[in-house]
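Undergrad: Line by line, the protein sequences give chains H and F. When we follow the numbering used here, the leftmost residue of the first sequence carries the number 1, and every step to the right adds one. When we follow the numbering used here, the leftmost residue of the second sequence carries the number 131, and every step to the right adds one.
One thing to keep in mind: the hints can contain errors.
Said to hold, decoys possible - Only pairs whose alpha carbons sit at most 25 Å apart, straight line, appear in this in silico DSS-like list of lysine-lysine:
id: 1; chain 1: F; residue 1: LYS219; chain 2: H; residue 2: LYS31
id: 2; chain 1: H; residue 1: LYS29; chain 2: F; residue 2: LYS219
id: 3; chain 1: H; residue 1: LYS29; chain 2: F; residue 2: LYS216
id: 4; chain 1: H; residue 1: LYS90; chain 2: H; residue 2: LYS29
id: 5; chain 1: F; residue 1: LYS216; chain 2: H; residue 2: LYS31
id: 6; chain 1: F; residue 1: LYS184; chain 2: F; residue 2: LYS281
id: 7; chain 1: F; residue 1: LYS281; chain 2: H; residue 2: LYS90
id: 8; chain 1: H; residue 1: LYS90; chain 2: H; residue 2: LYS31
To be verified - Reference listing, derived: stretches of chain F covered by chain H, where coverage requires no fewer than 3 residues with Cβ under 8 Å from a Cβ of chain H:
id: 9; stretch: 143–153
id: 10; stretch: 197–206
id: 11; stretch: 220–231
id: 12; stretch: 250–257
id: 13; stretch: 264–278
Worth flagging that the hints you see were computed from the coordinates, not collected in a lab. Each residue gets a CB set at the ideal place from its N, CA and C atoms; glycine is no exception.
Letter by letter, the chains look like this.
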Amino acid sequence: MELVTEILVSFFLILAGLFGLVGSFGLIKLKDTMQRLHAPTKATTLGVGGVLIASILYFLLVEGGFSFHELLITLFLFLTAPISANFIAKTYIQARVSEDDVPATGTDFGWSVYDDPPLIEDERERGQDA
Amino acid sequence: MLKRVFPHPLLSLVLLVVWLGLVNKVTPGNILLGAILGVVVPFMTQPYWPERPKIGRPLRVIEYVFIVLWDIVVANFQVAAIILFKRNKNIHSQWVTVPLDLTSPEAITVLAGTITMTPGTVSAMLSADSAAILVHCLHTDDPDAVRDEIKRRYEWRLKEIFQ
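Can you build the whole structure from these sequences, using the hints too?
TA: As structure tokens, this is what we get:
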């Protein structure tokens with residue numbers, strides 16, 4: 001393996017490791033659940049991303065082939081990370097946050113955890129108005 | 131008839147491409163298997179996803195993807211800096227209400243995902259009539275600026291793509 005390739009691959013691996021470490025540190029350091037959610041959804045995206053870039057570079061420059069697997073991992077990560085974060089946030093709100101702690105919606109209805117959705121007839125009327 | 135067999139043509143295509151990527155080899159057998167998946171999965175999930183999202187401007191999707199990717203990289207550094215260099219009592223976390231102009235469920239889903247992946251914000255929940263989204267901000271002293279940034283940078287572009 002050429003020196004430049006080695007340096008490039010190592011650079012991305014180390015960058016990935018650092019961001020993974022910061023993300024994990026954030027989980028310990030931050031105070032409440034909502035703050036802790038920020039650490040794994042962001043600092044680790046670049047952590048996993050760095051490993052994937054290193055992997056793509058290694059297979060491209062050393063093995064001389066291209067693998068779609070890294071791109072698919074990226075796709076799956078982008079689909080699942082926000083959804084799991086949203087599930088955790090919603091569960092936390094349901095269990096620990098009272099309606100007075102969050103700002104008003106600014107619409108006729110409250111937040112979905114506390115309020116029922118509009119009836120279907122109301123929805124139709126709204127559609128006709130728009 | 132064609133619509134009943136292919137309720138979501140784009141989903142069918144994506145499933146085929148993802149299948150070929152998973153097996154990592156393009157052979158006639160794999161294309162056939164991917165095509166079968168592309169027909170069967172949208173057909174079976176059709177009752178749960180009756181509407182067809184329209185994508186008005188496909189080229190804008192590419193622009194949007196690159197903007198979001200760039201923001202994710204920036205977001206990683208910002209959040210890392212906040213975690214490493216700010217004392218806990220100096221981190222001002224806030225809830226921000228963002229009123230939505232988007233109406234299609236698909237567009238709102240993409241926006242919520244984007245908010246979670248980008249600078250110091252996590253989308254928490256929608257209002258019951260999906261006309262506003264609640265966002266948790268890790269550190270901000272100006273919630274209005276966060277709201278305007280989300281509306282200007284992401285929602286406006288999604289509106290162009292989906293409508």
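Undergrad: Does each hint fit the structure? Answer for all of them.
TA: Evaluation of the provided hints:
1. Restraint check for LYS219 (chain F) and LYS31 (chain H): satisfied, since their Cα atoms lie roughly 9 Å apart, inside the 25 Å limit.
2. About 11 Å separates the Cα atoms of LYS29 (chain H) and LYS219 (chain F), which keeps this hinted pair within 25 Å; it holds.
3. A hinted pair counts as satisfied when its Cα atoms are at most 25 Å apart, and LYS29 (chain H) with LYS216 (chain F) qualifies at roughly 11 Å.
4. For the given pair, LYS90 (chain H) sits about 22 Å from LYS29 (chain H) by alpha-carbon distance, which is consistent with the 25 Å threshold.
5. Simply put, LYS216 (chain F) and LYS31 (chain H) have alpha-carbon atoms about 13 Å apart, close enough for the 25 Å limit, and the pair holds.
6. For the proposed pair LYS184 (chain F) and LYS281 (chain F), the alpha carbon gap of about 21 Å is at most 25 Å, so the pair holds.
7. Of the pairs offered as hints, the one joining LYS281 (chain F) and LYS90 (chain H) holds, with about 22 Å between alpha carbons and a cut-off of 25 Å not exceeded.
8. Only pairs whose Cα atoms come within 25 Å are accepted, and LYS90 (chain H) paired with LYS31 (chain H) is accepted, the gap being roughly 18 Å.
9. Chain H is given as covering the stretch 143–153 of chain F, and this holds because 4 residues of the stretch bring a CB closer than 8 Å to a CB of that chain, at least three being needed.
10. Using a Cβ-Cβ cut-off of 8 Å, 4 residues of the stretch 197–206 of chain F lie near chain H, which meets the minimum of three, so the contact claim holds.
11. With 6 residues bearing a CB less than 8 Å from a CB of chain H, the stretch 220–231 of chain F meets the requirement of three and the coverage assertion stands.
12. Given as covered by chain H, the stretch 250–257 of chain F passes the check, having 7 residues with a CB less than 8 Å from a CB of that chain where 3 are the minimum.
13. Beta-carbon proximity to chain H at under 8 Å applies to 3 residues in the stretch 264–278 of chain F; the threshold of 3 is reached and the given coverage holds.
Checked against the numbered hints above, the structure breaks none of them.
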